[in-house]
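S.K.: Following the hints, position chains B and C against chain A.
Residues per chain are reported as follows:
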Amino acid sequence: MQEAQFIGLLWTIGILAEAMTGALAAGRKQMDLFGVVIIGCATAIGGGTLRDILLGNYPLIWVENWHYLLAIALASLLTVVIAPVMRYLSKLFLAIDALGLAVFSIVGAQKSLMLGFSPVVAVVMGLVTGVFGGVIRDILCNQVPLIFQKELYAVISLLTAGLYILLLQYQVEEWLNLLVCLATGFSLRMLALKYHWSMPTFDYQSGTDNPMH
Amino acid sequence: MQEAQFIGLLWTIGILAEAMTGALAAGRKQMDLFGVVIIGCATAIGGGTLRDILLGNYPLIWVENWHYLLAIALASLLTVVIAPVMRYLSKLFLAIDALGLAVFSIVGAQKSLMLGFSPVVAVVMGLVTGVFGGVIRDILCNQVPLIFQKELYAVISLLTAGLYILLLQYQVEEWLNLLVCLATGFSLRMLALKYHWSMPTFDYQSGTDNPMH
Amino acid sequence: MQEAQFIGLLWTIGILAEAMTGALAAGRKQMDLFGVVIIGCATAIGGGTLRDILLGNYPLIWVENWHYLLAIALASLLTVVIAPVMRYLSKLFLAIDALGLAVFSIVGAQKSLMLGFSPVVAVVMGLVTGVFGGVIRDILCNQVPLIFQKELYAVISLLTAGLYILLLQYQVEEWLNLLVCLATGFSLRMLALKYHWSMPTFDYQSGTDNPMH
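Protein chains in written order, with UniProt numbering: chain A, 1 to 213; chain B, 1 to 213; chain C, 1 to 213.
Just so you know, nobody snuck in bad clues.
One copy or two, it doesn't matter: identical chains are merged, so the pair holds either way.
Calculated lysine to aspartate or glutamate pairs in the DMTMM-like style (CA-CA distance at most 25 Å, straight line):
hint: 1; residue 1: LYS150; residue 2: ASP203
hint: 2; residue 1: LYS91; residue 2: ASP203
hint: 3; residue 1: LYS150; residue 2: ASP138
hint: 4; residue 1: LYS111; residue 2: GLU3
hint: 5; residue 1: LYS111; residue 2: GLU174
No lab work stands behind these hints: they were computed from the structure.
Next up, chain A with everything else stripped away, as it sits in the complex (with noise of 0.2 Å):
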């Protein structure tokens, strides 16, 4: 199998799993089959997307490829029929949203410094690649986005996307860079979630918008 490859399944599984975590979320707001459909396609491909039209990279991977669109909406259609078995995989879930995370930060900035953009702003989409399906999905049910609220979970798509570009600028081997980087996302995330690491918050309470008057 080639890196390509690999990261390329890794990537399906991902999107896979993030479909099923956006149709969980339009269950916990009552929607109907279809908003189930439509919150499973935008997590699971709205980072990309964004990621994309920021760039104005076209066409759209699911544009010009409608087979993952299908694949998603199925994922997310089945969701709904598994959900009383998820409870019980609600582990497993996480451990997959953990290895997306890391997937999709990785192949955002791969596509950025193919597309011939400077390291920074690879950087930058893999973090958008990463982290803005969720907060879509967050805008669609209509929620203030979990990411800027809860467990460290941006922060790791930066530090993965970053560790992958300062390894590819030391010329590290392909293959080693990806599982380092990989291992480095996931772990991140699970000891973020199992210890509860979180940002610093900032709490501001002003008394008016408008001193004005």
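M.R.: Just chains B and C now, with coordinates in the frame of chain A:
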């Protein structure tokens, strides 16, 4: 009258009607006249704009032809004036909205096919054109998008766009195809409203988001 | 100093000030430091980014020149540190925000004209540049966008962009045009805050969304 002129006329009626439903939604949130115009514009042209951004199809219709923007803004403001009467016209508006749903779905599919995209992408873009104006309206009004929760709406968009493409592939004459699809989409939507047809909903109440601790 | 340098300097001050208002909004929602940076970035460059996506104008400014992103992120984090002092600086901030509104509106209109778009589109893009950073901030913070409900804000953006284009067409000297438009936009905004000028609101309470049953 040519087919293109006929569908163009219906499309214009459709965007003006959508602008008015957007203006009413802004009124339910006690927005100011500026908010009314913005929500009216976003509802009327948000779906088509999102479609063209996703396809990378520039320039956008309203950027190339600003007369549409002006007409939509005026329709939004007119809504404020005639709002007291609109209560009595609500059935008429639901009918125009149902027609607009069918027209937008067909137009979105047509445009995608003309740009050389696959039939599956064309159906998805019919859906995006048909329903995402309403989704953007609901996001700007800070509520869970209605179409994810209420009577059949989005599915009718999918069916209408899909039927259009199917008949096109069987080389049904364009006029006949348009009339059949318009009648089908319109009738299904009116029946869905009358008999409260809706999709099954998915209700998922999980105990915790983080089973790792 | 050239006109372009002068307006560029004001623009830089403007995006940094917007980043800080974004950071404060994140603090009102008790977001973590990562959320603070994201909301700061979205507020500062969201309007210009949306404008360039709507116009298909690539690469985006911050993709081409990532130093802006870094400066915005640092300004957002700095806000957390100096928040206790900012209560006493709120009038200063409102003044910088008013200046930023005028600058963004002028810059948005200028860019659109330079890209060859019509004056009407340029005014609309002045508006998008001037106010949609704040709209995106409010969507990410899960609240109805302030500018649809409060003191005159968006209309001042429209007026400023429109005045700039009008004076341009009468071939008013560029420096004079800039100063007149900045003074007009800034003064109108400060007066609107001081005297609570606002647009009429539209209050529409309908009994039902579905009169078909």
